[in-house]
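**Q** Spelled out, the chains give:
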Amino acid sequence: MTLLEINALTSPFGGPFTLTVAKGECVCILGKSGSGKSVLLRLIADMDPGTGHVSLLGKRREAFAAPAWRGRVIYQAAEPAWWAPTPAAHFPPAAAKRVAELMAALGLGSDVLDADIARLSTGERQRLALVRSMVREPDVLLLDEPTASLDSASTLAMEALLLQQLRFGLGIVMVTHSREQAARMSQRHFEMRDGRLHPL
Amino acid sequence: MSTIHLHATDVALATLLVLTNALASLLLHLQLHRQVLWAATRMVVQLLLVGLVLRFVFQAASPAATLGIVALMLLAAAREVAVRPTRRLKGAGSYRIAAVVVGFSSIATVVLALMTAIRPQPWYDPRYAIPLMGIVLGSVLNSASLGLDSFFEGVSAGRPAIEAQLALGATLHQALAAPIRNAIRRGMIPIINQMSAAGVITLPGIMTGQLLAGMDPLEAVKYQILLLFLLTGAGGLAAAGAVYLAARAMSDDRQRLRLDRLSLE
Chain G
1 MTLLEINALT SPFGGPFTLT VAKGECVCIL GKSGSGKSVL LRLIADMDPG
51 TGHVSLLGKR REAFAAPAWR GRVIYQAAEP AWWAPTPAAH FPPAAAKRVA
101 ELMAALGLGS DVLDADIARL STGERQRLAL VRSMVREPDV LLLDEPTASL
151 DSASTLAMEA LLLQQLRFGL GIVMVTHSRE QAARMSQRHF EMRDGRLHPL
Chain V
1 MSTIHLHATD VALATLLVLT NALASLLLHL QLHRQVLWAA TRMVVQLLLV
51 GLVLRFVFQA ASPAATLGIV ALMLLAAARE VAVRPTRRLK GAGSYRIAAV
101 VVGFSSIATV VLALMTAIRP QPWYDPRYAI PLMGIVLGSV LNSASLGLDS
151 FFEGVSAGRP AIEAQLALGA TLHQALAAPI RNAIRRGMIP IINQMSAAGV
201 ITLPGIMTGQ LLAGMDPLEA VKYQILLLFL LTGAGGLAAA GAVYLAARAM
251 SDDRQRLRLD RLSLE
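The listed protein sequences correspond, in order, to chains G and V. Numbering-wise, this note's numbering puts 131 at position 131 of the first sequence, and it's gapless, one number per residue. Numbering-wise, this note's numbering puts 112 at position 112 of the second sequence, and it's gapless, one number per residue.
Note that these hints are calculated values from the structure, not bench results. Please read all numbers here as calculations on a predicted model, not as lab measurements. Just to be clear, a hint being listed does not mean it is correct.
What the hints assert, rightly or not - Output of the computed footprint for chain V on chain G, the stretches with three or more beta carbons under 8 Å from beta carbons of chain V: (1) 69 to 78; (2) 129 to 137.
To be verified - Selected chain G positions facing chain V (in silico; Cβ < 10 Å): (3) 42; (4) 48; (5) 52; (6) 60; (7) 62; (8) 65; (9) 82; (10) 83; (11) 142.
Said to hold, decoys possible - Here are a few chain G residues that face chain V, going by a calculated C-beta distance under 8 Å: (12) 45; (13) 66; (14) 81.
We put the CB at the ideal spot given by N, CA and C, even for glycine.
In isolation and in its complexed conformation, chain V is listed as follows (with noise of 0.2 Å):
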């Protein structure tokens, strides 16, 4: 396989057309040269923190550091997944929620593949644990709280009609059937349209970095289908409990819809 190694003035070259970007806001009046550079100069870094950590980790091969790096990414995707959506549970109840979806959806896909189809030896490796781990986290944290936004903004707008029907003796599985439904739907929609996209519209990022790492396209196609399916299972996992789990938390004992247990941040 040959790489082509970039210099530190390839990366500067690039560095002008943010630079240029941030000029062209200034003078269209944009107001945004400030937001653009913050967040490039924010990107550079985190990503070279990033690459730092990961090479004290690869080096350091211990199950040990694989593990804590895993851990550190599972705790900021559940925080992310709690603080996304416009409302939230009262106390700590999205975070919990957050906690129990991302953990049980990407552990069991990650787990999943590194135990049957990619197999590395030893099983910790982070060269394989950490970036697979990475990808389905990005899946689960967008399913997950597109899915709990969508039902949280369902329950709340919807609620007249929802009570209509508990009023008339429906059960809370029946009156919530519609939002839940939707929900998922929502959370499911960005890994439905990945999968029609790749190949015709973009070629998917796992693929693009393996071709450019030197890797046979039908090898790096093979990855990128399978990294697909570990997607597809993953979302719908995190889609499908987030919003189950969310119902849950907005109801009682008397199947009542308690949305005094939601907050508007």
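For reference, chain G alone in the conformation it holds in the complex (with noise of 0.2 Å):
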């Protein structure tokens, strides 16, 4: 069942990028730094402009109120950008049940909720990140190298959890470096080359 539906979406900066997503699936996105992949999430997000239509479950992104799309097709940014001191701030109240969860499926304790953001290091900055978006429970996660600056162990850990959850009907468009992880996360890869998607 076709979950993102991605049809001509173009900017300034990239495309016409065309591509769906399935309920379920994971799709990988490989190339160069510079070559326009967090362009292609961003413009998945409505977080630049651009023309050309995406639609999730059939329905058209105009047809969402801008926050509730993004809230549903989360973008997560390579750096994660943090506005208040603690993570603990960052997570609804209400959620609490499920950040613990998280946390723990990612290894992390929950002694981080409450530290000063600026003393964690980066890897466990970027896990929290993942919490962050997957709190809220979107139907898509579209992840810029999630993994960057995490060990193999804590890979292999948010890997894991990232499977469990499209087992679960999660969608997920990925930017990696790594075909390993490609290979490990999805069957469908593609190279971003001079802003255009080229099937690998």
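Got two chains here, each in a separate frame; can you build the complex from them with the hints?
**A** What follows is the structure in structure tokens.
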């Protein structure tokens, strides 16, 4: 069943992009830095203006209020930014139980929640960013190198969590530099070259 | 009321201080003498011109003359508000915001004062309308330009954090709450400081002027209090107005943060 449908999505920095993602499917995008991978993810999330069409479960993006769309199709930047001093302040208070589950799955201790974000390691922050995205229960996750600063054990833990969510119907578009990771996560791979997607 | 009139020799005596300043700069290699002398010369010419114009307007005593001068002052202040921040909206965006904010906040407060507290006869008596407009504009200019500068700076530096919130489904209003709050606060600080310091650390300008002109101290104080309240009202309107309009100009119908609409000068 088609979850996300992208048709001729174009901006001055890349495209046209055409791509569909089924429920429970992960699509991996490889390619050099600066080839336009983040451009595509930001366009899908409606973070930048562009032309073309995107729909979620058959419903056009324009029919959603912009914040509602971005809440269901969540874009997670390669370097996650934080707007409050502690991680805890970034989670909806009602989601405490889910936050604890996800943190445990990613090997994060609960003491991290009230730590000073600036003092956490890059890897801890990257895992917290995924928790932050997932507690909002999106239909689609747009992940920009989510494991870039993780060691191999943490990387595998994150992949396991993502694979589990795929079985529940989540759709993922994931930018990665690792062909091995792409092979572990999905069957459909693309290479971004000169602002266009090329199937691999 | 008794005023002590200044003679040309009195002014010449003060000129010596400026020249001493320039000389000291030369001796100490501060490389300030050119700037000091140029600024002093400029000041003298500007003030003499204003004096001449005001004398003419005061004698004309016509609504058209008063309004004409006020319009010129408004335009100059609006231009200054748009130009002062280090960043600017592309196209005429900053100028539009400055014109709307400066015009609305200063006219609203000055008209309020002229209709209620001061009530000169006739209402367009330039002796009241013009100085009042000048003081209010000075405050509005500060509040609006500081607010704008701080807002543009806040959204440029804070872009990743703002976009992180947007990407998780926050509304633009939520994501911009912190930079908007900080910018308005920044715009209001000068006037708050001015009120806190009034009388204790400084004697405010209007009061000083009226004391020098021979007015009773308590009467001068009343005037000053009225003025500072007017300035607070105008400054608040200007800072909040400028920042909210700038926030609107930097977003679009899909609640994106449009930093591409900002240019560095």
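**Q** Three residues or more, CB to CB closer than 8 Å: is that satisfied between the stretch 69 to 78 of chain G and chain V?
**A** With 7 residues in contact (Cβ-Cβ under 8 Å with chain V), the coverage given for the stretch 69 to 78 of chain G holds.
**Q** Is the interface hint for residue 42 of chain G satisfied, with its Cβ closer than 10 Å to some Cβ of chain V?
**A** Holds: closest Cβ of chain V sits about 9 Å from residue 42 of chain G, inside 10 Å.
**Q** Should the interface hint for residue 62 of chain G be scored as holding, given a Cβ-Cβ cut-off of 10 Å against chain V?
**A** 9 Å, holds
**Q** For the restraint on residue 81 of chain G, tell me whether the closest CB of chain V is nearer than 8 Å.
**A** Holds: closest Cβ of chain V sits about 3 Å from residue 81 of chain G, inside 8 Å.
**Q** How about residue 142 of chain G: closest beta carbon in chain V under 10 Å, or not?
**A** Since the shortest Cβ distance to chain V is 9 Å, the answer is holds.
**Q** Was the hint right that residue 48 of chain G lines chain V, CB cutoff 10 Å?
**A** Holds: closest Cβ of chain V sits about 7 Å from residue 48 of chain G, inside 10 Å.
**Q** Should the hint that residue 66 of chain G touches chain V count as held when the rule is a Cβ pair under 8 Å?
**A** Result: holds, 4 Å to nearest chain V Cβ.
**Q** At a threshold of 10 Å, is the proposed contact between residue 52 of chain G and chain V supported by beta-carbon distances?
**A** 14 Å, violated
**Q** So, as I understand it, the hint says residue 82 of chain G touches chain V; can you test that by seeing if any CB pair is closer than 10 Å?
**A** 7 Å, holds
**Q** For the hint on residue 83 of chain G, just tell me whether its beta-carbon gets within less than 10 Å of chain V.
**A** Cβ of residue 83 of chain G sits 4 Å from chain V, so the hint holds.
**Q** If you look at each residue in the stretch 129 to 137 of chain G, do at least three have a Cβ nearer than 8 Å to any Cβ of chain V?
**A** Coverage by chain V holds for the stretch 129 to 137 of chain G (3 residues, Cβ < 8 Å).
**Q** When the nearest CB of chain V is found for residue 45 of chain G, is that gap smaller than 8 Å?
**A** With a minimum Cβ separation of about 6 Å from chain V (threshold 8 Å), the hint on residue 45 of chain G holds.
Violation of the numbered hints given earlier is confined to hints 5 and 6; the remaining hints are satisfied by the structure.
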